[in-house]
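K.L.:
Sequence:
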Amino acid sequence: MNHLTYHLCWAALVILAACGAPSAEASGSEATAPTKAARPTLTVATAANVQFAMEELIHEFQEQTGIGVSSVISSSGKLTAQIMEGAPYDILVSANMKYPQYLLEKDQAVGSVSVYAYGALVAWSMTEKNIRVTPEYLLEDGFTKIAIANPKNAPYGEQAINYLKYYGVFEGVEPMLVYGESIAQTNQYITSKAADVGLTAKSVVLSPEVKGQGRWLELPDSSYTPIEQGVVITRYGNERHARESLAFFTFLFSETAQKIFLKYGYKLPDQNATTQ
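According to the working numbering, the sequence shown is numbered sequentially starting from 5.
Do not rely on the hints blindly, as some may be mistaken.
Straight-line Cα separation of at most 30 Å, DSBU-like style, residue types lysine-lysine; simulated pairs [said to hold, decoys possible]:
| # | residue 1 | residue 2 |
| --- | --- | --- |
| 1 | Lys169 | Lys271 |
| 2 | Lys215 | Lys271 |
| 3 | Lys82 | Lys110 |
| 4 | Lys149 | Lys82 |
| 5 | Lys82 | Lys215 |
| 6 | Lys102 | Lys82 |
| 7 | Lys82 | Lys263 |
| 8 | Lys263 | Lys169 |
| 9 | Lys197 | Lys156 |
| 10 | Lys82 | Lys267 |
| 11 | Lys110 | Lys197 |
| 12 | Lys82 | Lys271 |
| 13 | Lys156 | Lys133 |
| 14 | Lys102 | Lys133 |
| 15 | Lys197 | Lys133 |
Everything labelled a hint here was simulated from the structure, so no lab data went into it.
Based on the provided sequences and hints, a complete structural model is requested.
P.N.:
Here it is as structure tokens:
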């Protein structure tokens, strides 16, 4: 779907969303005041790295459409497992492409998987220890714990491992690694100083909640596989809230949403980056 088509679809969906039941005045009802048609509340399964950006995305989407949205935050792997078990999530906003594509293969999602953003890794510390862009410093005296997300469930954890292997330090630092079940738990290890340093998402350190806390450095994107973050509509969302789910899916590629993603340090994809 090209850039123009996205905007045309989005404009049409906003118009549709605004078309609720007729007001009391227009319909001749005896009610004293018009009532707004109730809208189904979408539930968006959201990868933990997108948590803070999602708050702004939901706010803007609700302002534009009147469609209610709530989010469930966890690792992409756990959210996918929950969807496979029947969790009533309308959309999966994942930290990679693998999990949305898996849902498609298992007939638990519809349409296509689209890359809505590319994530970036950072090293973040709340301690006074010196951190650097390349990880050789982790082998120096004084470092005992390094927090990363569990690579089995969290794509950012998987790429943190790739970063350490790229520079040839993984075997040396492996005994020091502590694993959060998601980026959110990894961040807790960092902010509580339970870990000397952590490898986490750039979107986190740019969020209003933690911006300016500690010290962080962006890691070379050549040292890990590009973090393609994909979104897909679940079968549940298509069956229960098809129009509203498509509206939110399309909104993620609007200019409004793109500005929010840029604010949180994401890189924007080609609008044609779609996998059937």
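K.L.:
Take the hints in turn and mark each one as holding or not.
P.N.:
These are the hints, each one checked on the structure:
| no. | hint | in the structure |
| --- | --- | --- |
| 1 | Lys169 / Lys271 | holds (24 Å) |
| 2 | Lys215 / Lys271 | holds (19 Å) |
| 3 | Lys82 / Lys110 | holds (16 Å) |
| 4 | Lys149 / Lys82 | holds (25 Å) |
| 5 | Lys82 / Lys215 | holds (27 Å) |
| 6 | Lys102 / Lys82 | holds (13 Å) |
| 7 | Lys82 / Lys263 | holds (28 Å) |
| 8 | Lys263 / Lys169 | violated (33 Å) |
| 9 | Lys197 / Lys156 | holds (24 Å) |
| 10 | Lys82 / Lys267 | holds (27 Å) |
| 11 | Lys110 / Lys197 | violated (41 Å) |
| 12 | Lys82 / Lys271 | holds (25 Å) |
| 13 | Lys156 / Lys133 | holds (29 Å) |
| 14 | Lys102 / Lys133 | violated (36 Å) |
| 15 | Lys197 / Lys133 | holds (11 Å) |
Taken one by one, the earlier hints fail for this structure at numbers 8, 11, 14, listed in ascending order.
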